[in-house]
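Protein sequences appear in the order of chains A and B.
Everything in the first sequence is counted per the numbering used here, starting at 1 for the first residue and increasing by one.
Everything in the second sequence is counted per the numbering used here, starting at 1001 for the first residue and increasing by one.
Calculated directly from the structure, the hints in this document are not laboratory data.
Which residues of chain B face chain A? A partial, calculated answer using Cβ under 10 Å:
| id | residue |
| --- | --- |
| 1 | 1082 |
| 2 | 1083 |
| 3 | 1084 |
| 4 | 1144 |
| 5 | 1146 |
| 6 | 1168 |
| 7 | 1172 |
| 8 | 1173 |
| 9 | 1175 |
| 10 | 1177 |
| 11 | 1179 |
| 12 | 1181 |
Don't be surprised by glycine CBs; every beta carbon is placed ideally from N, CA and C.
Single-letter residue listing:
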Amino acid sequence: MDLGVHPGRIGNHLQCRIYGRIEALMKTQDLIDRFGLTAAAGKDGTDREIAGGYCGDLLSEVMANAPIGCVWMTIQVHQNIVAVAVLREMAAIVLAMDNQPDPETCEKADRENIPILLYSGTSYELAGKLYAAGIVNETAGQ
Amino acid sequence: MNPARTAQALKHFRADTHIHTCLSPCGDLEMGPRDVAAQSRHAGLDMIAVCDHNSVENAGAVMRAGDHVGLAVLPGLEICSREEVHVVALFETLEAAHQMQEFVYARLPGENQREIWGEQIVANEKNEVLGENLRLLIGATTLNLYEIVRQVHAFGGLCIASHVDRPAYSLIGNLGFIPPDLDIDGIEVSFRVPLCRARQSVNGIAGYPCVTASDAHFLKDIGRAWYGLQVAAPCFAELRMALKEENGRRIITN
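Looking at chain A on its own, in the form it has when it is part of the complex:
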């Protein structure tokens, strides 16, 4: 039975988790290239390193709990998402399920250099792919 565990992938995974902070951190641009995301705004900010991931649509909750420097998956498109991203020093916001940002949201994101990336699938699906690719929060498993 194939459990989906392949030595190469485990190797990548461990490398990211153990040595990632030193040599193999993923940047927002890598995210765009590897997972077919489209940058809708904040394209000047895609050089930032990704320090974890978060999913949520209640902005008050995301403000309180998202890891600093994370990539955040949401379906909210209001301009307040940019303020939340700035507050948590996020690497990027991903709008899942083909949600399109409001024009004011794009303007703010451009001003603040917060990349807004578009994804056609669900937050769940993308989060699974990112986790498998080694984007793991420092508090994972605690």
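Given chain A's structure and the hints, the job is docking chain B onto it.
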């Protein structure tokens, strides 16, 4: 005109501008128009607003029932934005409220499943059942907050953000903070927050007119929260002035 003398001519009234009826799927079936009006009067209220989810179809019945018991009743609806933020829209006339309802209905997808969400009963002022609303009233419209506020104002209404102290379905809960460019007429805190302490308890509401409301879905909850109005009469025009603190009118928060 002497402001002090104007203020002396004003009186204090008790208002609760967010009450549901049996039209809301989560509203108890005992919340018939006649009993909502009677219970509100019994609880000592002078003015209420009927705000069912995304609909005003029971407001006229409560207004007529209110006439019988000496209760002022404003027509309104609690609209759910695409951000899933609840806002109360209040109107001076039933006609204006119906115009808003038609605008909302055209942007409210889905059908109600009564075994999941509950029944949506349209009734008259004698509590007689007239029919059932088949729309998904509990659902979110496709309107963003700005579109809702703009349209409510276009129909001459007032827009108050519902229960902003709550974690969900609330302006602050869902959007983190009140967008500074949102032209909201006031914010409402739930019965859980004493109005006199609202500005200390809830961050980011300092610059906004603040009221409280029972948000009653059950008869027993009518009266659990209300606010005082210093106005000439309990009516829409005076409420508008109180929210803007014009001509000595005000919300009494202490």
